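Undergrad: Please build the complex by placing chain X on the supplied structure of chain P, with the hints as guidance.
The listed protein sequences derive, respectively, from chains P and X.
Heads up, the first sequence is in my numbering, so the first residue is 1 and it goes up one at a time.
Heads up, the second sequence is in my numbering, so the first residue is 1 and it goes up one at a time.
This list has only true hints and no planted wrong ones.
Computed list of lysine to aspartate or glutamate pairs in DMTMM-like fashion (alpha-carbon distance at most 25 Å, straight line):
1. P:K71 - P:D59
2. X:K13 - P:E42
3. P:K68 - X:D97
4. X:K57 - P:D31
5. P:K56 - X:D97
6. X:K57 - P:E42
7. X:K57 - P:D1
8. X:K13 - X:E82
9. P:K103 - P:D31
10. P:K5 - P:D55
11. X:K57 - P:D24
12. P:K54 - P:D31
13. X:K57 - X:D97
14. P:K103 - X:E82
15. X:K13 - X:E75
16. P:K71 - P:D31
17. P:K56 - P:D84
18. P:K56 - P:E15
19. P:K68 - P:D55
20. P:K103 - P:D84
21. P:K54 - X:D97
22. P:K5 - P:E58
23. P:K103 - P:E58
24. P:K5 - P:D24
25. P:K5 - P:D84
26. P:K54 - P:D24
27. P:K5 - P:D31
Far from chain P by the CB rule (all over 10 Å, computed), these chain X residues:
28. A2
29. T7
30. I12
31. K13
32. T14
33. G62
34. S70
35. L81
36. G84
Please keep in mind that the hints were generated in silico from the structure rather than gathered at the bench.
All figures in this text were calculated on a predicted structure; none of them were measured in a lab.
Beta carbons: idealized from backbone N, C-alpha and C, even for Gly.
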Amino acid sequence: DQQVKQNSPSLSVQEGRISILNCDYTNSMFDYFLWYKKYPAEGPTFLISISSIKDKNEDGRFTVFLNKSAKHLSLHIVPSQPGDSAVYFCAATSSGYALNFGKGTSLLVTP
Amino acid sequence: KAGVTQTPRYLIKTRGQQVTLSCSPISGHRSVSWYQQTPGQGLQFLFEYFSETQRNKGNFPGRFSGRQFSNSRSEMNVSTLELGDSALYLCATHSGDLNSPLHFGNGTRLTVT
Chain P
1 DQQVKQNSPS LSVQEGRISI LNCDYTNSMF DYFLWYKKYP AEGPTFLISI SSIKDKNEDG
61 RFTVFLNKSA KHLSLHIVPS QPGDSAVYFC AATSSGYALN FGKGTSLLVT P
Chain X
1 KAGVTQTPRY LIKTRGQQVT LSCSPISGHR SVSWYQQTPG QGLQFLFEYF SETQRNKGNF
61 PGRFSGRQFS NSRSEMNVST LELGDSALYL CATHSGDLNS PLHFGNGTRL TVT
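Okay, chain P solo, but in the shape it has when bound (with noise of 0.2 Å):
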């Protein structure tokens, strides 16, 4: 049963624009979410993480957003660059050591 659903499989931006990327909960225990960033024969890389009791998350060029009534967090890139093109995944925990993933987004950030 998967309870962290990352609906668009792909995406494509141009460079300079934002990159939207999207994620849905069904659990309504996780209180942490997380977003790596994965490469290919590469293990993720962490990039931003949020806690339940925040709605919204900044690092530089990289926003999340988190809407707890709707189970619902965001991963905004911007600008978005070329390096950015990756396949992005996004977690969620109650525990802090088990995290559910979703499926991953591959974003393609084009020149």
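TA: Frame of chain P; chain X shown alone:
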């Protein structure tokens, strides 16, 4: 600070064999988790160890097992390999601080023929 180290990077085994994968955590990280990544199922949690004890377990059969040593290094074992066990196996470690992320190694790519 060195990252999470997994060995070997690649492994080819035959159906019915068993395999052991190794993970060395970031210095000071005492929690070690294992994940399986396959194209169809995505990233799935296998189990988590802390202070040599399994603390959490995902929905995998008993053929998948692990252990953690006193230096926090961890191994995972898969017995009686099946073709469907072909996957990228990822180790992740955690500092223990509240609301801090898992840090992943680059994984071991296991192919079962």
